[in-house]
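Chemist: Residue numbers (this note's numbering), protein chains in the order written: chain A, 1 to 282; chain B, 1 to 234.
Among the clues, some could well be false.
[As the list claims (entries may be wrong)] Restraint-style ranges between C-beta atoms, simulated for each label pair: (1) B:154 with A:51: 49 to 59 Å; (2) B:196 with A:234: 20 to 30 Å; (3) B:151 with A:234: 40 to 50 Å; (4) A:70 with B:214: 51 to 61 Å; (5) B:41 with A:64: 45 to 55 Å; (6) B:35 with A:274: 35 to 45 Å; (7) A:274 with B:151: 23 to 33 Å; (8) B:232 with A:260: 29 to 39 Å; (9) A:249 with B:30: 44 to 54 Å; (10) B:13 with A:103: 47 to 57 Å.
Treat the hints as calculated values from the structure; they're not laboratory data.
Think of the CB as a built atom: it goes at the ideal place given N, C-alpha and C, for glycine as much as any other residue.
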Amino acid sequence: MVNRPERTHTLRLAIAWAVLSVIGVVVAMQVNMPPGDQSQQSVDESSLLRLMLILSTPVFIGVVLFVLYSAFAFRQAPGALEDGPPRLGNARMQWAWVIATAVIVFLLAGIGINGLSNSVAATSFTSSSSLGSSTDEVGSSAGNRLQVQVIAQQWYFTYRYPGYGGAESTHLVIPVNANVELHVTSTDIIHSFWAYQLGVKADANPGVDNITYVTTRKTGFFTVRCAELCGIWHGNMVDTQGEVVSQSDFAAWASALQSSQSDLKLPPYAPEYFPSPRVKGT
Amino acid sequence: MRTTTGPRFAYRLAVVVVAVAVLSALVALFIGRFIETFPYTMSSEAASQPRVATAGSGQTETVIHVEVVGAVGAAIENPRPNDPHPTWVGYLPTTTYKVPANSVVTMVIDQEDTPSGLRNPYWSKAQGIIGGTFHMSYFDDQGNPQEGDFSKIDDAATAAHTFAIPDLGVFVPLEGLNTAAPAGSFNVITFSFQVGKAGVYHWQCFVPCGSGTIYGNGGPMQTLGYMGGFLVVQ
Chain A
1 MVNRPERTHT
11 LRLAIAWAVL
21 SVIGVVVAMQ
31 VNMPPGDQSQ
41 QSVDESSLLR
51 LMLILSTPVF
61 IGVVLFVLYS
71 AFAFRQAPGA
81 LEDGPPRLGN
91 ARMQWAWVIA
101 TAVIVFLLAG
111 IGINGLSNSV
121 AATSFTSSSS
131 LGSSTDEVGS
141 SAGNRLQVQV
151 IAQQWYFTYR
161 YPGYGGAEST
171 HLVIPVNANV
181 ELHVTSTDII
191 HSFWAYQLGV
201 KADANPGVDN
211 ITYVTTRKTG
221 FFTVRCAELC
231 GIWHGNMVDT
241 QGEVVSQSDF
251 AAWASALQSS
261 QSDLKLPPYA
271 PEYFPSPRVK
281 GT
Chain B
1 MRTTTGPRFA
11 YRLAVVVVAV
21 AVLSALVALF
31 IGRFIETFPY
41 TMSSEAASQP
51 RVATAGSGQT
61 ETVIHVEVVG
71 AVGAAIENPR
81 PNDPHPTWVG
91 YLPTTTYKVP
101 ANSVVTMVID
111 QEDTPSGLRN
121 PYWSKAQGII
131 GGTFHMSYFD
141 DQGNPQEGDF
151 SKIDDAATAA
161 HTFAIPDLGV
171 FVPLEGLNTA
181 APAGSFNVIT
191 FSFQVGKAGV
201 YHWQCFVPCG
211 SGTIYGNGGP
221 MQTLGYMGGF
231 LVVQ
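Chain B extracted, bound-state conformation (with noise of 0.2 Å):
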């Protein structure tokens, strides 16, 4: 017969009681972790020279600038030397970006990582940005830097990443550095686009950048702080 005295009864109940504990600090320690490392949010910052003509229209024209890099750990502008993984990919500062709803958002992205391919060529044109092309200054292949508005990379094997928001429409190619431009130099990409209603948006690269992975989607790919984040619009 079952009985709750006697020895047998206390130590069965030590040992729920003490693996309860164990189980719960590990999940508290996961939590506290998640929310450790959840990439901090960045707010857009008024446009001081807008690039949309919104005028008249009540909207507003903010840009986020960020910094795309092959290791987050040596990049130029702002580099995470102590991050956990110093040789990922990555959008730095953060990978979370907060903007004003019905507004126009203007990206200026320096990317500084050398091509690594699209899997898809279709992603090389750019998609649902205002005026439909994007504005890069770049080097060529004698290292000379040149600047023009584009609607597409001319080579799907020259994109280093991209920037696509799938919800919004928005796919926007990223020519990758040419090894012939100077040391410490990157591209600089600018485009525009229109966000609506509140929400939160999923954005990512398409370019399986995720090197020493199984088709290189693991890793930077698979992890947030690096190659996919969120547009939070409010």
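Chain A with its partners taken away, still in its complex shape (with noise of 0.2 Å):
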């Protein structure tokens, strides 16, 4: 039986935590997260963050409340030396906290698993065979996706365009309303490909051709760089000047680069280009 002190606590506790609580939620519903909007990707990333911020405030609020609140009002006496009296089980307040962690941590993690799938589902169920250029429409239904070969070396990233003669470029450079295919490599260590502003990370490991997928949705310029320390000059592995061109900006802009690239010998595409010999000279 919870006598009548008790009673107050809980009232003041939870009246303050329910004005507190619709003051940080709507406060949270404010904050613009990253990455932004510059694809479907960081569009579904950014709304997961806003959505866990907001899950999450009450939560914040509910625990510092009550060790704030704690501190003040279950203060124990100047001179006392004893712990006040053992609670022992309280199954109804067990059961509450359990089943709301359980149902926040599920609801987060569905979510989550929802947005990845589709950013893969979107492209994954067709012919890797058009690579880009076999229609005027670059990447604009999920049969039609546009593949970009990401190379890391020691210390830029390269990008290799298969469905325009392997052209190679100094920036990635992507058509909007696009399914990008991004194979990521490596021509000697372990780097990490962060396209930041269009929410794709993935490591760049050498021998291995590593997918990703981006859904590109405004224009603009984006930022590259390595996520992964990789040696002395690792800090100035970033490019700002990746961008989502228009579509007819990005076949001009490829079919340039194709042509500018004729008398330049490039190793056919491949999946990767592994490094060899491991150990260079004596």
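Now that you have both chains on their own, put them together as the hints suggest.
Modeler: Have a look at this one:
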């Protein structure tokens, strides 16, 4: 049986928690979460981060409020040397926090997994024969995705377009409203390709063709950086001139790139370029 | 009960003081060593014979003259026999260059090293340089001197090094010295590029030329003062 003082404490805490939580959630809803809205993946990530913030705000406020309230309301009298009486068992309370925690965790897990699978499902159940140049609208449908290879090397990323004769570029340029299939590899050591505003990050390992997907939504520049400590110039392995452009601009850019490299002897396009020999010289 | 007096406390205090002193000395030693070995800054010089027409544009053209060698201890022009790694490849005399902002920079590179090969042949074509070409004097397979203007080197495997400033979009392959070339000779590669606003830009070599290291990317590729440095634009 809850006695009167305890009920007063509970009521006070509940009212304070409810008021502060409403305020906290309203504030949380105003926050623009990264990475933005340049791709479907970044929209999904931003939404999920915002939802996590909204759900965790009442939990955070509840914990902090209870700690602070306890510090003042249940403060031990000066000089007292004994603890209060032990409280054993409270099945209702235990069920409540286990269920509430489980619901929050499983809800977020479900939403996260759904977001990830949607990102891949948009493109993964189709033939990879179409590499981008076969139609005017590049990557505009699931069966017509643009394939781009990301090649990491100490200390720069370059990009090959197998649909455009395997032409290579120092900047990642991709069309808007397109499904893009990124094949990430490395010619030396482990790097990590991170296109921040696109919400894409993938390990770049030598001898590995690591595939990830992005569906572009808005034109504009984005930043690519290496997210794996890779040596002395790791901090400079950044390119701020990645760009999502219109479909027509992309077509013009890609064909210009291809023709500008007619005299360049690049190796045949391959899923990976494993370095050899492993130790150079003596 | 803890106390702040007595021999035990004095002993602990002494241990802490000595440990802090030793650590501070090590940190100071590390910082001092880093400052001492940091490549000195070399300013570019006014171009006596400008390569690029800058008249009327308000721009100046300055020149950076460097030497690329297979072993910094045995260079022709600026040898460093007392270098801690005399057998490492390197750019000499230093790897930090200062140039004026909004100017044209002309690099004159005396390339003494033999071919090592690009891992990514994409870098065999020059990018980001004025006119799209570099001038090169070199030696053919018979050891005869040749020269001309080029936009690329024909075979990525004959590259010895590259000079690249990624943030400025500058990537230039440096042809390796033909083994038929006379002893003591070197290729001379000359090119110009535009620099804009002030800032510190890193430059590096894209040939994994660190012999004896995994994938060739260790040693001189990972140490300041050999195969990478800074372009300080002021």
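Chemist: Decide, hint by hint, whether the structure agrees.
Modeler: Evaluated hints:
Residue 154 of chain B and residue 51 of chain A have their C-beta atoms about 57 Å apart, which keeps the hinted 49 to 59 Å range intact. For residue 196 of chain B and residue 234 of chain A, the hinted distance range of 20 to 30 Å is satisfied, since their beta carbons lie about 25 Å from each other. The given range of 40 to 50 Å is broken by residue 151 of chain B and residue 234 of chain A, whose C-beta atoms sit roughly 30 Å from each other. Residue 70 of chain A and residue 214 of chain B have their C-beta atoms about 57 Å apart, which keeps the hinted 51 to 61 Å range intact.
Range check, residue 41 of chain B to residue 64 of chain A: about 52 Å between beta-carbon atoms, so the 45 to 55 Å window is met. Evaluation of the 35 to 45 Å hint for residue 35 of chain B and residue 274 of chain A yields a pass: the beta carbon distance comes to about 40 Å. The hint said 23 to 33 Å for the Cβ distance between residue 274 of chain A and residue 151 of chain B, and at roughly 29 Å that hint holds. Separated by about 32 Å at the C-beta atoms, residue 232 of chain B and residue 260 of chain A satisfy the suggested range of 29 to 39 Å.
At roughly 50 Å, the beta carbons of residue 249 of chain A and residue 30 of chain B sit within the given window of 44 to 54 Å. Taking 47 to 57 Å as the suggested C-beta distance range, the pair residue 13 of chain B and residue 103 of chain A conforms, at roughly 54 Å.
Of the numbered hints given earlier, the model fails hint 3 alone.
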